[in-house]
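Heads up, the sequence shown is in my numbering, so the first residue is 979 and it goes up one at a time.
Bear in mind the hints are in silico, worked out from the structure with no lab data behind them.
Watch out, some of these pointers could steer you wrong.
Okay, derived cross-link-like pairs now, BS3-like style, lysine-lysine, Cα gap no bigger than 30 Å in a straight line [what the hints assert, rightly or not]:
| no. | residue 1 | residue 2 |
| --- | --- | --- |
| 1 | K1370 | K1203 |
| 2 | K1138 | K1020 |
| 3 | K1056 | K1038 |
| 4 | K1384 | K1211 |
| 5 | K1052 | K1138 |
| 6 | K1368 | K1401 |
| 7 | K1174 | K1211 |
| 8 | K1052 | K1211 |
| 9 | K1197 | K1138 |
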Amino acid sequence: MEKAFSLEAYLSKVLHKEESDEIEPLARFRQICSIVEAEFDKEWDETDDMAKNRKLEREKRAMMGFSAETAFYKEKIKEILREKKLTDSWYPPWYPDLAEGIFAETYGLSGLAPWAYDMDEKYRQSSSAKLIGDRLYCLIDGKSQLQPQRIPGRRREQLKRTLLLATPYERLEYGFHEVYLNNGIRITIYSGDRTKEGQDIMVFRKYILPELSFEHLAKIGTIPKAAISLFYKMIEIGFNVLFSGQVRSGKTTFMQVWQKYEDPNLEGLAIATDPETPWHEIMPKAPIMQLVADGERLSSITKSLLRGDNDYILLEEMRDGPAFYLALDITSTGTTRSKGTIHDNDAVNVPYKMASKICQSYGGDMREVIAQVYKNFDYVLELSQVPEDKSKKVLKGIWQYSYDVKQDKVAAKKLCSYDFFEKVWRWNPNPCLEKAEKYPQLAKEIKEMNLLLAQLAANMPMAESEAETLFPAYYQTEGGTCG
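With the hints as extra help, turn the sequences into a complete structure.
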């Protein structure tokens, strides 16, 4: 008759007596994980090569979060716990139950699992996490907060190897990697010579689909409720719009809201550096083609994209020459309703930044490229974090771009600005006549838009000095070719 398993007896074997008496609950939990792992290892030793290959594939899929594989391992873990009479054992409070904790420590994401799979209420609205060495930080209420769970070096190496095995084109020796879990979480890994010893880094970004409506943005203080009618009118007209701001300023969310109100019958092309925005979920009836590409990969398909017959383009996280070049090329054909996000907290600087990157990649005359940005894009909406609470976002300003072909002048006019001290939005009382000249077929709609702007300015006008049109000096001084 097989002797019943005893955890105390097992610990007495692997530890000195005094260590066994004083062992902490967390160490006991890790020993239980080792016991379960040993049982799985027995199965490994007893299987043939074909079965081992299947097991490896199952482990990879479990790590990446595929439901069938995770369910398989959790059930097997429960069986082992029942056999060993360990079902009532202590487990760390950041896990919902013992089996979940053991799975996370052996085949899952260790202490990151509660954050990645929303096992705790505090993680549900947390969009990012960082693992620096063995320390885990999660963004909670706008601040990076140190969490109690620790992930030791051996387990971190195991995590990296398994994640990279599931992404064949990534190799461990590269030192920098981007991989994705099955639920869409993006993982950026820095290791090897790129980091200090023992301080390897994993950055996790979780996409949280918020309530996408202008009404919700007004409710949480991102935009003024009074401006919602103006935004509807701008979408109806079909301007080309950029959304700018720092990291985590709400650019992507604002673009998603803006796009959600577009005509679902129009054909769109969405290009992103990572598959963050699920346009097929946001606009399930709209024919939007979604591509993930940047840099050289984007350059290689640019010509075929330009031959497409899309009504508009969506460009997320534009940051390099190929992305900016594509944005200008497509909008230069007369395409409207296009939208893009860009990391820059100064709307007047955006055209210069775009032109610089394009010229660095493709050559060309800086002034001509700058002028093209002002011709092709109509408005920039600036987003910002609220300084005292970075979890809150605010529309910092709206800028209008225009180009006067007769005088060869580019102009930037501020339509709206946020007063961070008084926490109010102020509006430009001067009408936007330039857009009626650019879109004469939409003169009626643009007149209606100007009336809405006038109403906003009547209640909360900006200072005359702020309302003046800017003629950026960089356009007057730049000249010659780049590249």
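Okay, the hints, checked on the actual structure:
Restraint check for K1370 and K1203: satisfied, since their Cα atoms lie roughly 16 Å apart, inside the 30 Å limit. In summary, the hint linking K1138 to K1020 is supported, as the alpha carbons are separated by about 24 Å, within the 30 Å threshold. Taking the CA atoms of K1056 and K1038, the gap is near 20 Å; set against the 30 Å cutoff, the hint holds. Distance restraint check for K1384 and K1211: the Cα-Cα separation of roughly 29 Å lies within the 30 Å cut-off, and the hinted pair is therefore satisfied.
Under the criterion of a C-alpha separation no larger than 30 Å, the hint pairing K1052 with K1138 is consistent with the structure, at around 21 Å. Using a Cα cut-off of 30 Å, the hinted pair K1368 and K1401 holds, with the two alpha carbons roughly 15 Å apart. Between K1174 and K1211 the alpha-carbon distance is near 53 Å, which puts this suggested pair outside the 30 Å criterion. Proximity of K1052 to K1211 is assessed by CA-CA distance (about 53 Å); at most 30 Å being required, the pair is judged violated.
At roughly 41 Å between alpha-carbon atoms, K1197 and K1138 are farther apart than 30 Å, so this suggested pair is violated.
Hint compliance for this structure: hints 7, 8 and 9 are not met, and every other hint is.
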